[in-house]
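**Student:** Here is how the chains run, residue by residue.
2 protein chains.
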Amino acid sequence: MGKDKTAGETRQVIGVIVRFEDCGRDDLHRIGMKGLSLAEMTALGLNVPPGFIIPTDAGFDILKGNIDIRELLYEVRSEVSRIENTMDRWFASRNPLLLSIRSGASVMMPGMMDTILNVGMNREVIASLLDEGMSEYFVFDCYRRFTRMYGETVLGIKPYKFDAATQDMLNHAGMFSEEEFDSNHHRKLADNYREIIRKETGSSIPDNPYDQVKEAIVAVIRSWENPRAVVYRNLRRISHDLGSAVIVQGMVFGNLDDRSASGVVTTRDPIVGAKQLFGEYLLRSQGEDVLAGTRTPKKISELQGDLFPVYSELEKVAEKLEHHFQEAQEIEFTIESGKLYILQTHTAQCTAQAKIKISVDMVNEGLLSKEKAVLSIEPESLDQILHNFIDPKVQMRSIMKGLPASPGGASGAVVFDIKEAARYIKQSREAILVRAETITDDVEAMELATGILTGHGGVTSHAAVVARRMGKPCITGCESMNIDIDRGEIRVGDLTIKRGDIITIDGSSGRVFLGTVPMRKTSISTEFRVLLSWADEMRTMKVRANADTPEDAQRAIEFGAEGIGLCRTEAMFMAADRLPAMRTLILEESSEERDRMLVQLEEFQRNDFLEIFRALNGKPVTIRLLDPPLHEFLPNAEQLTKEVAVMRSQGEAGEELRRKERLLKRVLSHQEINPMLGLRGCRLGIINPGIIEMQVRAVVEAACELITEGIETRPEIMIPLVGHVREFEWIRERLDNLIGKLMEEKNVTLHYRIGVLIEIPRAALTAGALAQKADFFSFGTNDLTQTTFGFSRDDAEHKFLHYYHDQHILDENPFETIDMDGVGRLVRIATHDGRKANSSLTIGLCGEHGGEPRTIAFCHSLGMNYISCSPYRVPIARLAAAQASIRDRLAAAETSPSKNE
Amino acid sequence: MGKDKTAGETRQVIGVIVRFEDCGRDDLHRIGMKGLSLAEMTALGLNVPPGFIIPTDAGFDILKGNIDIRELLYEVRSEVSRIENTMDRWFASRNPLLLSIRSGASVMMPGMMDTILNVGMNREVIASLLDEGMSEYFVFDCYRRFTRMYGETVLGIKPYKFDAATQDMLNHAGMFSEEEFDSNHHRKLADNYREIIRKETGSSIPDNPYDQVKEAIVAVIRSWENPRAVVYRNLRRISHDLGSAVIVQGMVFGNLDDRSASGVVTTRDPIVGAKQLFGEYLLRSQGEDVLAGTRTPKKISELQGDLFPVYSELEKVAEKLEHHFQEAQEIEFTIESGKLYILQTHTAQCTAQAKIKISVDMVNEGLLSKEKAVLSIEPESLDQILHNFIDPKVQMRSIMKGLPASPGGASGAVVFDIKEAARYIKQSREAILVRAETITDDVEAMELATGILTGHGGVTSHAAVVARRMGKPCITGCESMNIDIDRGEIRVGDLTIKRGDIITIDGSSGRVFLGTVPMRKTSISTEFRVLLSWADEMRTMKVRANADTPEDAQRAIEFGAEGIGLCRTEAMFMAADRLPAMRTLILEESSEERDRMLVQLEEFQRNDFLEIFRALNGKPVTIRLLDPPLHEFLPNAEQLTKEVAVMRSQGEAGEELRRKERLLKRVLSHQEINPMLGLRGCRLGIINPGIIEMQVRAVVEAACELITEGIETRPEIMIPLVGHVREFEWIRERLDNLIGKLMEEKNVTLHYRIGVLIEIPRAALTAGALAQKADFFSFGTNDLTQTTFGFSRDDAEHKFLHYYHDQHILDENPFETIDMDGVGRLVRIATHDGRKANSSLTIGLCGEHGGEPRTIAFCHSLGMNYISCSPYRVPIARLAAAQASIRDRLAAAETSPSKNE
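Residue numbers (this note's numbering), protein chains in the order written: chain A, 1 to 901; chain B, 1 to 901.
These are calculated hints, taken from the structure and not from any lab test.
All C-beta atoms in this analysis are idealised placements derived from N, C-alpha and C, irrespective of residue type, glycine included.
There could be a bad hint or two in this list.
Stated by the list, open to error - If you only want the chain A side, here are some residues facing chain B, beta carbon under 8 Å, derived:
| hint | residue |
| --- | --- |
| 1 | Met-175 |
| 2 | Arg-683 |
| 3 | Ile-760 |
| 4 | Tyr-803 |
With the hints as constraints, model all of the structure from the sequences given.
**Tutor:** Structure, rendered in C-alpha cells:
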C-alpha cells in the first residue's frame with residue numbers, strides 16, 4: 001500500500017488505503033464486493049477507471065476517531081495524484097478531474113447505501129470545464145447531479161425536496177420529462193438545489209474540493225448506519241459489524257456527448273438463460289439513470305446500431321468476465337465519447353431455469369466443470385421450477401397476507417367444501433378451498449382444489465403439509481380473514497368475498513389477491529434433466545420420497561426417487577370411502593363387526609400396496625404402521641357435546657339422544673390432554689395389535705402376489721414412536737411370526753425388513769440397544785423436533801414461534817431447517833451408536849427436513865444411506881446431496897496434501 | 001466335597017453335593033439363603049442338625065436329565081451315612097434316622113416352595129421307633145405328617161382332601177382341635193391319608209426309604225416351578241432361572257415329648273425394636289405348626305417357665321447370630337427333649353421404626369459401625385414412619401382398589417367439594433374428598449380433607465402430586481367407582497356410598513374400606529433423629545425440599561431441608577382468594593384493570609415470599625417463575641360450551657349470553673392442542689413479561705425488606721422450560737436490569753442467582769451454552785421424562801403404562817424411578833457439559849424423582865450439589881444421599897489397594 005509516495009509529501013501516510021492492483025479475494029471483507037470486482041477487473045486488464053479503496057476497518061476507525069480524517073486525507077491526496085497522472089486530468093485545477101465516491105460492503109446490499117458522483121465541482125472547476133470545450137449542457141447536468149447527491153447524502157436533505165424543485169421546473173417549462181431540459185434548465189435547477197440546501201441547513205456545499213471529498217467519504221462510511229440499511233440487514237440477518245468500504249475513482253462521463261452512455265448488461269439472458277447479452281443503456285446518461293426509470297432505456301441490442309464497436313467490445317468483456325468468474329455476470333458500464341469503461345460486475349440474478357441452462361451451457365462450452373455446475377445451483381431455487389408462480393413483475397395490491405405454506409400461485413373460485421369444489425371442477429373451473437383450518441376429512445376437497453387458504457395454522461399445519469405433499473399452493477394462518485360459512489362469505493376488513501368469487505393465492509409469499517393474476521409455469525427443461533443426471537453421478541446418498549398413495553408413488557418415481565422412505569398407511573384410511581369403516585372399527589363394541597371392518601380395510605390397503613409396489617418395481621418402500629391417535633379418525637367432540645347439551649335442555653329423551661350420548665361417550669373416551677404424547681404409534685400397536693397386524697397382512701399379501709407375478713418388491717416395515725427397545729422387540733416378534741406364517745401359506749420368500757422410526761428423544765438416546773434389534777433407522781425429525789424442543793407445532797407456530805423469530809431467539813424455524821445443536825445432536829448420537837451396534841444398519845431421514853439442503857448436507861456428513869422428502873422436493877434433494885458429496889471431496893482434497901507432508 | 005467317602009462305595013461319586021462345612025457367602029446363588037444360613041451357623045458352632053445341600057445347578061441338571069438321579073443317590077447315600085455317624089441313628093434301619101428335605105432359593109420366597117419332613121418312614125421304621133421306646137403318640141404323629149406331606153408334595157394331592165379327612169376324624173371323635181387327638185387318632189388318620197393317596201393316584205408311598213428320598217428330592221426341586229412360586233416371582237420380577245437348592249438334614253423332633261417344642265423367635269421386637277426376644281413356640285409340635293395357626297402358640301417369654309435353660313441358651317444363640325450378621329434375626333428352632341437345635345435364621349422383617357431403633361442400639365452396643373447402621377435402613381421404609389398407616393394385622397375386606405398415590409391411611413366422611421369438607425372440619429370431623437379427578441380449583445378442598453380419592457388419574461396425576469406434597473393419603477384411578485354428584489353418592493357395583501358415609505383409604509396399598517379401620521401413627525423417635533444426624537455427617541450432597549407455601553417451607557425445615565429447591569410460584573395464584581385476580585389478569589382486555597390485578601397479585605406474592613424467606617433464614621430458596629399454561633387458571637371450556645349452546649338453542653339473546661360468549665371466546669383462545677408442549681414456562685414469560693416481572697419484583701422486595709431487618713435471604717430465580725440459550729439470555733437480561741433497578745431504589749445489595757430448569761431435552765443437549773449464562777441448573781425430571789419418552793403422563797398412566805408394566809415393556813414407572821438409559825443419559829450429558837463450560841455451576845434435581853433413593857444415588861454419582869424433594873421425603877433423601885456417599889467410599893476403598901499394586 002502506498003508504495004510509490006509522491007516526492008512532495010511531508011506528512012507520514014497512515015497506510016490504510018488499498019489500491020485495486022494490490023488486493024484480491026482474501027481481502028473481500030475489507031474491500032467489499034464492489035472493490036473486489038474492480039480489483040479483479042483491473043487485474044484482467046479491463047478498462048476500469050483508476051481509483052482506490054478505503055477499507056471497512058479504516059471506516060470504523062474513522063467513525064470511532066481512531067483515525068484522524070485529516071491524516072487520511074494526506075494519503076487520499078497522494079492516491080488522487082496517481083489518478084490524475086493516469087487520467088491526465090487534475091483535481092481542483094484546470095483540465096479538472098472529478099471523483100466518484102461509492103460505498104461497497106462485503107455482502108450484497110443493492111441500493112441500500114450511498115454514492116456521490118462528480119465530486120470536486122465548484123465555480124472554478126465549472127469554468128475550467130467550459131473553457132476546455134465541454135458543453136454547457138454536460139457541465140451543468142453534472143453540477144446539478146453533484147449538488148443533489150451531496151445535499152442528500154452528506155447533508156441529509158430529504159429527496160422529495162429536490163423532486164419538488166425539479167417538478168416545479170418541469171411545470172414552469174411546460175415539460176413532462178427531465179430529458180427535455182436544456183443547459184439553462186440544468187443550471188437553474190442546480191441553483192434551486194443550492195437554495196434548498198441553504199434553506200434546509202443554513203450552510204452550503206464547501207467550495208474546497210478536498211473538503212467535499214472528506215465529507216463525502218465520511219457520509220459514505222456513515223451510510224452503513226442509515227435506517228434502510230439497518231432494516232435490510234436485520235431482515236436478512238446480516239451482521240451490523242461488517243461495515244462498508246469507500247471506493248474512490250476518477251469520473252468517466254456517460255453524459256458527455258452523443259457518443260456517451262451508461263448501462264447495465266447481463267452476460268446471458270437471466271430469465272431463460274439464452275447465451276446473448278441482455279440489458280439496457282441510456283445515451284447521455286450518468287450512473288443510476290437506467291435504474292431510476294425516469295427515462296426509458298434502450299435494449300442493449302440497439303447499441304449495435306448506436307455504437308457498434310463498443311457493443312462488440314462489450315461482448316468481449318462479457319466473455320472475459322464469464323471465463324474468469326465462471327458465472328453469468330451483471331456488468332455496469334459507462335461509454336465516454338465512444339470509449340468503454342467498466343464500473344462494476346457481479347453475479348447475475350437469474351431465474352432458476354436460466355441459472356440451470358447457463359450452468360449446463362457453460363459446461364458444454366468448457367467454461368465450467370460438471371462439479372462446479374452442480375454446485376452453482378441453489379437447490380431451494382428449484383422449487384419455483386416445479387410450480388406455477390406469480391409473475392414477479394406484477395405490481396398488484398394484495399388484500400391480505402398469511403404464511404407462505406406451499407409455494408406456487410393459484411387462481412380459482414372461493415369454495416368452502418368438497419361439494420362446492422366438485423361443482424367447479426365439473427365445470428372445468430378452478431377452485432381455491434378456504435377453511436378456518438383443515439382436518440383429515442378435508443383431504444379429498446384439497447385434492448380437488450387448485451390451492452388452499454386457511455385462517456389458522458402454521459406452515460407445518462395439516463393443510464400446509466398435505467398441500468406440499470400434493471404440490472399445491474397453500475397459504476395458512478391468514479388471521480385477518482373472517483370466514484362465515486353460513487353466509488358463504490369471507491370478510492377481510494370492509495371487504496366481503498362471496499362464495500364463487502375469484503381469488504389468487506401466492507403460496508410463495510403468502511399474499512392473497514382479488515381476481516386473477518398473471519402466472520408463469522416453468523417446464524422441466526432438457527438442461528434441468530442433464531444437471532440432475534450429473535448430480536446423480538456425484539452423490540453418494542440416495543434420495544427417496546414420502547408418498548402415501550399410488551399417485552404420490554408414481555409422481556415420486558417421475559421425479560427420480562429411488563424408493564419410498566415414508567408411506568403413511570393411515571392416510572389410506574382417511575379417504576371418504578374408508579373413514580366410515582375406520583370409525584366403526586374404533587367405536588363399535590361388537591367384536592364381530594370390528595373384525596368385518598378389519599377385513600374391509602385390509603382389502604383397501606392390499607390394493608393400494610399392490611399399486612405402490614408395482615410403481616416402485618423393486619425399489620424399497622418404507623411403510624410406517626398406524627401412527628396417529630385414534631381420535632383423529634372420529635367425529636368432532638365439541639360439536640357432539642353441543643348437540644347433546646341442546647337436545648337434553650330441550651327435554652328430548654328419544655333413541656337419537658341416547659345414540660348421540662353413546663357416541664359422545666366413546667369419542668370422549670379417546671380424547672387426550674396431550675394427544676401428541678399419548679396413545680399413538682407403537683403404543684397403539686401394542687395395546688391394540690389388530691390394526692397393525694391387518695396392515696402387515698395387507699403389505700405381505702400384496703408383495704407376495706407381485707413376487708408371484710415376477711415383480712420384485714422390497715417392503716420395509718417401520719414402527720413409529722418407539723421409545724424403548726422392548727416396545728420394538730414386542731412388535732417385531734409378533735410381526736416376524738405373522739409374516740413367517742403368511743410366507744408359508746403363500747409359499748413365497750419375501751425379503752422384508754423391520755425398522756424403527758426414531759422420533760422420540762429416548763429412541764435416539766438408546767439407539768445402541770435399538771440397532772441390535774432393528775434392520776433400519778429412519779429419523780422422523782418432525783416429531784423429534786417437537787419432543788426435543790418441547791414444542792407442539794400446532795400450538796407453537798401461531799402462539800409464539802413468530803415472536804421468537806422477531807426477537808432473534810430462533811433465527812430459523814426448526815420445523816424447516818434441522819436444529820443442529822439440539823435435534824441434530826440427537827441424530828448424531830443415534831447414528832453413531834446405531835452404526836456401532838449394528839454395522840449393517842440402514843439409516844435414513846424422512847421428516848419434512850428431508851427436502852431441506854442444509855439438513856441434507858448434515859445427513860450426508862453423518863454418512864446416512866438416504867434421505868426422503870416430498871415428491872416435489874426430490875430434485876432439490878438430489879442436487880443438495882450431490883453438492884454435499886462434492887464439498888466433501890473438495891474438503892478432502894484440500895486436507896490430503898497436508899497428510900502427505 | 002465328598003472328602004471322606006465311605007469305604008464300601010463302588011460307584012464313582014458325581015461330586016455335586018455341598019456340605020454345610022464347605023460353603024459360604026460366595027456360594028449363595030447355588031446353596032440358597034437357607035443353605036447359607038445353615039452353613040454359617042454350622043461354622044459358628046451352633047447346634048444345627050447335620051445335613052447337606054444339593055445345589056441349584058444340580059437341580060436343573062436333574063430336571064433336564066443331565067444328572068441321573070440314581071447316580072446322585074450314591075452320593076446322597078454317602079452323605080446320609082455321615083449324618084448317621086454324627087447323630088448315631090441309622091437310616092432305614094434299627095434306631096432309625098429320619099430326614100428333613102427342604103427347598104431353599106437364593107432369594108426370599110417364604111412358603112412358596114415345598115418341604116417334606118420325617119422322610120424314611122415305613123412299617124419297619126415305625127416298629128423300630130416304638131421298640132426304641134418312642135411314644136405311640138409321637139411315632140404316629142410323625143407318620144401322619146409324613147404321609148400327608150409326601151402325598152401333597154410328591155404325589156400332588158390337593159390339601160383339602162387331607163383336611164376333609166382330618167375334619168371327618170374330628171367330627172367322628174366329637175373334637176374341635178387336632179391337639180385333642182391321641183395316638184390312635186393319629187394312626188387312624190395316617191391310614192385314612194394312605195387310603196386317599198391310593199384312591200387319588202392308584203399307587204402308594206414307596207416302602208423303600210431311599211425311593212422316598214429320591215422322590216422327595218425331585219419334588220422339592222420341581223416345586224420351584226409350582227404355580228404359586230411362578231406367580232410370586234412374576235410379581236416381584238425375580239428371575240425364573242435361579243432355581244431352588246435342596247437341603248437334606250437329619251430330623252430332630254419338637255413333637256417327641258413334653259420337653260420338646262418348635263418355634264420361631266426374633267432377636268429383637270420387630271414392631272418397636274426393643275432389645276428382647278420376641279416370638280412364639282408350641283410344645284410337642286413340629287415344623288410349621290407355629291405358623292399354621294391351628295393351635296395357639298405361646299409367647300417366647302413363657303419358655304422361661306417351661307424350659308428355662310433352653311430359653312437362656314436361645315438368648316445366647318440370638319446374641320451370637322446378631323453379632324455375626326449385624327442384623328436382627330428371625331430364628332427357627334426345635335427343642336428335642338430339652339436340647340436346642342437351630343433350623344434356620346434370616347434377617348428379621350421389622351417395621352421401619354423398629355429397624356431404626358435396632359440399628360441405633362446396635363451401634364451403641366458396639367455391634368455395628370455408624371456407616372453400617374445408616375446402610376441398614378431401606379430409605380423408602382421411612383415413608384411409613386411419617387404417615388398414619390393401616391394396622392397391617394387388620395384383615396378387613398376392601399370395597400374397591402385404586403392406585404396407591406400417596407401413602408398412609410385416612411378415615412373420614414365422603415365429601416365432594418370444599419363446602420362439604422369445610423362443614424365436616426367445623427364439626428371437628430374428618431373428610432375424604434372424592435372427585436372424578438382434581439383440578440387446581442380443588443387444592444383448597446384437598447387442604448381441608450384428610451385424604452383424597454379420585455376415579456381417574458395415575459400416581460402422578462394432579463391429585464397424587466398435590467397429596468404427596470401435602471403428605472396426605474391419596475388413592476387415584478379408582479376406576480370401578482361411579483360418582484354421581486347430583487345424587488351425592490358413589491356407586492361401586494351394587495354398593496352405594498352416600499355423602500357423609502365414613503370410608504377409610506389406604507394410600508399405601510390403594511385399598512378403600514367402608515367405615516373406619518384401626519390406624520397407627522409412628523412418632524419420630526429419638527433413634528430416628530440420631531440416625532439421620534449420622535446420615536447428615538456422611539453425605540456430600542445437600543437435600544432441599546420442594547415447597548410452594550410458607551407452611552410447606554416450615555415443614556421442610558422441620559424435616560431437615562437445607563433450602564428450597566423448587567418453589568412453584570403459580571401455586572400462590574391458585575388459592576381461592578387469588579384465583580379471581582389471576583383470571584381477570586388473563587381475560588381482561590382493559591390494560592388498566594390488568595395492571596390493577598398485577599399489583600394485587602404482587603402484594604400476595606410478596607407476603608408469601610416474606611414468610612418463606614423468614615422460615616428459611618438464609619438458606620437458599622429456588623423460585624420457579626410462572627410455568628403452567630394460562631388456561632389452567634381459567635374456567636372449564638367444555639362446561640361453558642354446553643351452557644352457551646343451550647342458551648342459544650333456547651333463543652336467549654340477553655346480556656348474560658353475550659357475557660358468556662365473550663368469556664368462552666377468551667377461554668377458547670387460550671386452549672391448545674398439546675398444552676404440555678405449548679405456550680407456558682419461559683415462552684409465556686417472553687410473550688408476556690408482565691407476570692414474571694411482577695413475580696421477580698415481589699421476590700426482590702420481600703428479600704430486601706428482610707435484609708434490611710438483618711435476616712439473610714438467598715433467592716435463586718429459576719426460569720422454566722428453557723430450550724434455547726437465547727430464551728434464557730432474553731429473560732435474564734430483563735430480570736438483571738429490573739433487579740438492579742430495585743436494589744438501587746431500596747439501596748440494598750441482594751445476592752441473587754438466576755438459573756435454568758432443565759426439563760426439555762434440548763436444554764440438556766445444549767447445556768454447555770446454557771451453563772455459560774446461568775448460575776445454576778436444576779433438573780425438572782417430571783417434564784424431562786415426559787418429553788424424553790414422548791409420554792404425556794396425564795394420558796399415559798391410565799391409557800397404556802399399566803399395560804406396558806404387565807407386558808414387561810417397562811419394569812419401572814419412569815415417573816417414579818429415573819430412567820437411567822434415556823432421561824439419565826440426558827442428565828449425564830447436561831451435567832458433564834454444564835460443569836465443563838462453567839466450573840462454578842450449582843447443579844441440582846427437583847423433579848419428583850428427587851425423593852427416590854436410586855435417583856438420589858444416580859445424582860450423587862454425577863456429583864450434583866443437591867437434590868430437592870417433597871418435605872415428607874426429605875428424611876428419605878438425607879438417608880439415601882448418605883448411603884450413596886458411603887457406598888462410594890466403600891467402592892473407592894475396594895479399588896484403592898489395587899492402585900497400590
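**Student:** For each hint, tell me whether it holds in the structure or not.
**Tutor:** Each hint, compared with the structure:
1. At a threshold of 8 Å, the smallest CB-CB gap from Met-175 (chain A) to chain B is about 56 Å, leaving the interface hint violated.
2. Here the hint on Arg-683 (chain A) is kept, as its CB sits about 5 Å from the closest CB of chain B, short of 8 Å.
3. Against a cut-off of 8 Å between C-beta atoms, the interface hint on Ile-760 (chain A) holds, since the closest Cβ of chain B lies about 4 Å away.
4. Nearest Cβ of chain B to the Cβ of Tyr-803 (chain A): about 6 Å, under the 8 Å cut. The hint holds.
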